[in-house]
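Asks: If you want the building blocks of each chain, they are given just below.
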Amino acid sequence: MTTSPHDSLIRSLGSDLKPVQRLRAPALRALGWLAVVAALGVALATFADTHAMLERITDAPDMWLAVIGSTATAILAGIAAFELSLPDASRDWAWLPLPGALLWIGASGFGCLRVWVVPATHVAELGEARDCLLFIVALSVPLSALLLLMLRRACPLNPGLTAAIGGLAVAAAAATLLNFFHPYDAAATDLTVHAVAVALVVGANRALGGRIFSVAGVTAGRVPPN
Amino acid sequence: MITAQTQPRSADDARRMAQMAAAQSGDRAAYEALLRDCVPFIAMVAGRQGVPPDRRDDVVQDVLLTIHRARQTYDPARSFNAWLRIIAERRAIDLMRQVHRHGAREVHAPVAFESYADRDADPARGVDHVQGSGRVSDALAGLPASQREAVEALVLREQSLAEAAVTTRRSKGALKVNLHRALKSLRGKLERTGRG
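These protein sequence lines are chains A and B, in that order.
The working numbering applies: residue 1 is where the first sequence begins, and numbers increase by one.
The working numbering applies: residue 227 is where the second sequence begins, and numbers increase by one.
Residues from chain A shown here face chain B by an in silico Cβ test under 10 Å; the list is partial:
#	residue
1	Leu13
2	Lys18
3	Arg22
To give an idea of the chain A side of the interface with chain B (calculated C-beta under 8 Å), a few residues:
#	residue
4	Ser4
5	Pro5
6	His6
7	Ser8
8	Leu9
9	Gly14
10	Leu17
11	Val20
12	Gln21
13	Leu86
14	Pro87
15	Asp88
Derived DEER-like restraints, expressed as beta-carbon distance ranges:
#	chain 1	residue 1	chain 2	residue 2	range
16	B	Arg327	A	Arg11	30 to 40 Å
17	B	Asp280	A	Asp16	24 to 34 Å
18	B	Ser341	A	Pro19	52 to 62 Å
19	B	Arg274	A	Leu134	43 to 53 Å
20	A	Asp92	B	Arg241	27 to 37 Å
21	B	Arg274	A	Arg22	21 to 31 Å
22	B	His326	A	Ala199	23 to 33 Å
23	B	Thr419	A	Gly160	39 to 49 Å
24	B	Gln298	A	Thr192	35 to 45 Å
25	B	Glu384	A	Asp92	41 to 51 Å
26	A	Asp92	B	Gln298	19 to 29 Å
27	B	His334	A	Leu102	45 to 55 Å
28	B	Arg274	A	Ser90	11 to 21 Å
29	B	Ala244	A	Leu149	26 to 36 Å
Keep in mind the hints are simulated off the structure, nothing from the lab.
These numbers were taken from a predicted model, which means no experiment stands behind them.
The beta-carbon is built from N, C-alpha and C at its ideal position, and this holds for glycine as well.
Sequences and hints are given; from them, build the entire structure.
Replies: Encoded structure:
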């Protein structure tokens, strides 16, 4: 019997073998993460004036379309991130959140063009818009930590892309939950601040997620020859 | 279809699917047999991706490690060969990118290299070297456990990164970082003791 040059590695892997529990379908795992987001939403709703919020977002079509858009982005990007975390997944999954994102961006953009101000709202001043940024970023920290830990259980071979799409899911979820405490009408400043917050969260997830998945040992690398 | 296909399945594929399912339950013999069986298949996929023959073993090692780390993601209802082919193709592409990046940064110039005398070459250094090895052992003992482990596995035992990753249960990235830090720290310590 000939010995393969990989025999010692194969024996090492064999000695390291332990029974594993198969991962559930990515959509089901995404549902688990979304359930945590929903629970957080219910918890936040107890502190918010939900009546005023519902009036606000139903007064103008762009307001509720933007909420539907951010919610759809969170759900679709969440599913896409769990799909992308599988080592044999197609990169095409990254396109899944696109319809939700287009609706979210489009509706928010149209809101800026509206000439009348929704009743019981006002245009956010710079300090208030900064609070929106802090809310999105602060809420994104625990949501990102949970999502990255869940994604790490799979073995993403596209770590940067997986983490970035996960970041989009987190940012969209945080932006959706922000509506509980957002008595402001759509405006260019507010929209810009939201865009900056989303970009920050996606960028941080991409950078941090890439490292976390790399620590999990899924990225290629070897000592360069001397 | 977005993930690995379920059809068509050959007899080979059916056997590997059963072996991988057994491996997920902890059957070491089935697992090692499966990994050995996969080696020529991975090398063939790497060849088709344009990986030069001298680097195909690197792809094989990467893919074997990836199978190990991703074994919980395999669904036994799906074709194992399709799953493995996609992973092998991705690992091969990763390696080719790495080779290209490396090639773009470095120039192969053996003549230029040989034209310069090694200023440190000195036959009398052998004695110093033996005396110095005691200092190295002392410095090594003073390193944090993770860094010492990296030096022991990669330098003293001359294991490959893939093997060291398995024996130390650390990722290749973490091992490289620990080795780099350890060498930097050792250099500093030895310079200080050399001066002292």
